[in-house]
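*Asks:* Residue numbers (the numbering used here): 2 to 251.
Calculated directly from the structure, the hints in this document are not laboratory data.
This one's a predicted model, so the numbers in the text were calculated from it and none came from an experiment.
Misleading hints may appear alongside valid ones.
As the list claims (entries may be wrong) - Ranges of calculated distance between the beta carbons of each label pair, as one might list FRET restraints:
hint	residue 1	residue 2	range
1	61	140	18 to 24 Å
2	233	197	21 to 27 Å
3	87	27	40 to 46 Å
4	70	183	46 to 52 Å
5	26	231	37 to 43 Å
Claimed, not checked - Think about it this way: if two alpha-carbon atoms lie no more than 27 Å apart in a straight line, the pair counts; the simulated BS3-like pairs of lysine-lysine are:
hint	residue 1	residue 2
6	174	207
7	207	160
8	198	215
9	160	187
10	100	239
11	215	181
12	198	187
13	239	15
All residues carry an ideal CB built from backbone N, CA and C; glycine is no exception.
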Amino acid sequence: MTSSEHPDGIRLQKVLSQAGVASRRAAEDLIVAGRVEVNGEVVTELGRRVDPDGAIIHVDGTRVNLRDDLIYLALNKPKGVHSTMSDDRGRPCVGDYLKGRYEETPGVVHVGRLDENTEGLLLLTNDGDLGHRLMHPSYRVLKTYLAEVDGLIPRGLGKELRNGWELPDGIIKVDQFRVKDMHSGKSLVELVIHEGKKHIVRRLLKDTGHPVLKLVRTAVGDVQLGNQRVGSIRRLTKTEVGTLYRNVEL
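Model the full assembly from the supplied sequences, consistent with the hints where possible.
*Replies:* Structure below.
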């Protein structure tokens, strides 16, 4: 018996179907094509049984979430909302947006923080392993921001930021930087950064001489904010969850 076999378990194609990966017939095709791994082993026979509570299954390199007690949410956080699950001073907070839908789900917390004046994508989950890795600097998960700043961006600033900009607490490198618009003494820039230090985007842009007037986080890894309405909360798709797993090597 191999490490991925579990004689008292459930047939692999049924597990994939129940996880929403594909219909059972389509799941069988995935298995025969060698596109499914169980505990690191490629499985190609249709009779394989697995333990859905203990198996780690990947399809085309993306991990499949097999647990129905784990939830993954995306909140478009409005300005003025604090990144806390509750606030003893009665201020608006992230936890308010779970009421009526997810407040009874145990262990749901926000992944990282956005400061009070920053809007945009904030992930919430009760998957502790994923949440921890998304915040850990060693996995270099990219976050994308759209910032309206004071002043017109000079040529060459993006290259300087990509090469590394020295702040009092160290050198910060931006992964990508793009000027999207400039008018009326203001600029709209998009930057991608893996650093997770407090207020890093605001501090960095201010230090370049272009303080932030408005800041929105538009993506975490491959999960996009898109046209999600401000203040709304939604479940991540299975594909989105899979990309987050891949981002942190789970």
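*Asks:* It remains to establish, for every hint, whether it holds in the given structure.
*Replies:* Comparing the hints with the structure gives:
no.	hint	in the structure
1	61 - 140: 18 to 24 Å	holds, 21 Å
2	233 - 197: 21 to 27 Å	holds, 25 Å
3	87 - 27: 40 to 46 Å	holds, 44 Å
4	70 - 183: 46 to 52 Å	holds, 49 Å
5	26 - 231: 37 to 43 Å	holds, 41 Å
6	174 - 207	holds, 15 Å
7	207 - 160	holds, 17 Å
8	198 - 215	holds, 19 Å
9	160 - 187	holds, 20 Å
10	100 - 239	holds, 23 Å
11	215 - 181	holds, 14 Å
12	198 - 187	holds, 25 Å
13	239 - 15	holds, 17 Å
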